[in-house]
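Protein chains: 2
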Amino acid sequence: MEYKKIAFDVMGSDNGLIPAVDAAIKLLGEQKDLKIIFVGNETELNKALSSKKYNPDQVEIVNTTEVIEMTDGIMDIRRKKNSSMVKALELVNEGKADGITTGGATAPFIAGCHFIIKKLDGIERPGFMPVIPTLVKGKITLLLDVGANLECDPEDLVNFAIMATAYSKAVNGVKEPKVALLNIGEEKSKGLELHKQTYKLLEENKDINFVGNIESRYLANGIVDIIVTDGYTGNIALKAAEGMGKALLSEIKSAITKTLFRKLAALRLKRAFKEVRAKFDYKNHAGAILLGANGIAFKSHGSSDKIAFYATLKMTYNAIKNDVVNKVKKALAE
Amino acid sequence: MEYKKIAFDVMGSDNGLIPAVDAAIKLLGEQKDLKIIFVGNETELNKALSSKKYNPDQVEIVNTTEVIEMTDGIMDIRRKKNSSMVKALELVNEGKADGITTGGATAPFIAGCHFIIKKLDGIERPGFMPVIPTLVKGKITLLLDVGANLECDPEDLVNFAIMATAYSKAVNGVKEPKVALLNIGEEKSKGLELHKQTYKLLEENKDINFVGNIESRYLANGIVDIIVTDGYTGNIALKAAEGMGKALLSEIKSAITKTLFRKLAALRLKRAFKEVRAKFDYKNHAGAILLGANGIAFKSHGSSDKIAFYATLKMTYNAIKNDVVNKVKKALAE
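If you read the sequences in order, they're chains F and A. Throughout the first sequence, residue numbering follows our numbering, covering -3 to 330 in sequence. Throughout the second sequence, residue numbering follows our numbering, covering -3 to 330 in sequence.
Since no wrong hints were added, every one of them can be taken at face value.
It does not matter which identical chain is used: a pair holds within one copy or between any two.
Below, a list of computed lysine-lysine pairs in the DSS-like style, where the Cα atoms sit at most 25 Å apart:
no., residue 1, residue 2
1, K174, K242
2, K242, K186
3, K325, K92
4, K192, K174
5, K242, K135
6, K135, K254
7, K254, K266
8, K254, K133
9, K275, K249
10, K92, K323
11, K133, K259
12, K0, K325
13, K135, K310
14, K279, K249
15, K310, K31
16, K249, K259
17, K242, K266
18, K326, K114
19, K270, K254
20, K249, K266
21, K171, K310
22, K22, K310
No wet-lab data here; the hints were simulated from the structure. Keep in mind it's a predicted model, so treat the numbers as computed, not measured.
Using the sequences and the accompanying hints, generate a full structural model.
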């Protein structure tokens, strides 16, 4: 069988490799054409896998002796040649895997992608692209860049739009993805020089369905399919939204459990809150792809649990299955 | 009696002058040393005031014939010389009022402050400073700039810190206000050149209680008293947080009212939700001051209702009472 192969760096995330292995076994059971190449400490991996049921043809282990730690910087990618992250990236570069998933440190991972799997022709700055769950049922919004590049020029943002459009069509099945530019107001004249120039270029580009500026207050409103921005602004906007969501939910939780009377009423709304949480839960959309890398490279939250790793592995699998890199390449060449 | 005098521009906001007048009457009843100079259409004002009870010594009306509309640009401040906004600003400049409150358009208002009441010595870019309600009971965080200046240099950010520190001490009674720099990470090395340089200057400044970088995810966590940033980033962060809060609340509302069973349970939690809303409600903190202007200048949301106008008028009154401008001047001169 021709397997879709994910090199899975199971080391270096906050919660150890157990949730990573659990997530992988779950997805392997669902996708019979998937093979996972676990990259990490062989002894630990064998131990974690020993109690699991899976088709052995779908599993490979590559032993490594070093780990890129959360505190490591980008130069540690050069130094730790036998780390799981570096090995997993090399598997992709050598064509032995079709994509990588990691829960390891972000900055070294981005640097590792640059050094090892390289960038697509014409791309100076790949963009880190997470998925934003939205108010509209079944609709997600792609946001990039959220921090791979603190500063971007208008050409980068146009490339983000082209690449994300190809991604959205291929993976999310959106016919004509709506693209917006993150800005402080909707009018064409708003923002810094970067935004005014980018607006003009996006408007002129016939391959992009550009719908104008969008304010950060509408990040999660599901108005558009893709929001482009520089990495500094994207990072600020994403974290502000996530942080407020978290703060509000924690406040509600403490308010509705303050008295026994409230607790009893809240019990009856358990399912309702579960629905809201499910919609806004970043765990179900924990993966972010480095779009513009010459290979499928997904990062899961450093604090990923089984659900988060499962979501990211599934995104990696879908990206492989839908041949995202080639479609992005083709879109860039047009 | 020596009145504290607010020039209140009642025209140009989204909801007409009725909520503005209602809010003013409420505050006049509470603060016997307050005088409100209503600036706007005299006929409409007399009509709105006719049914109200108030001490006539506390009320003045200045008739104007023009209005700065929401769609007006900064140059309309020069053109509409008989607008309520311009007249109210002139009252402050001439010393006939101690401060201004408006619900009118933001950009013309900031321009009007620059042109008419001018800037404090040593301040190149006044900062627009709203109040962020936080998770910590009774604690608010001041955030500036949120859009008066899209680009700032490190000196501007240091001035924001100095001015907001003086404000926080004078108005909020905080002894040593904690100041943080908005950034994409906590480490000193994070961010753009602007942040690295600002970090250094804030660290060196002995008059500022600088506690380091803060990520936008902690905007509403009440960790610090003051967050400084450039106007572009502040605007993006504030709107992202507000937008997510609104999206989440609307989602919860629809989830807990989906069935009759849920509606009945939700009724029992009415007070709990009210508590949460009160904590996060921007209406109760609707005012933003233009800090660095040579006069007390408050802007209320364009869509202000009575509660929002009341909150902003009260903030204006407190700023006057606590002699904010002179205290800020003194802090800048030190």
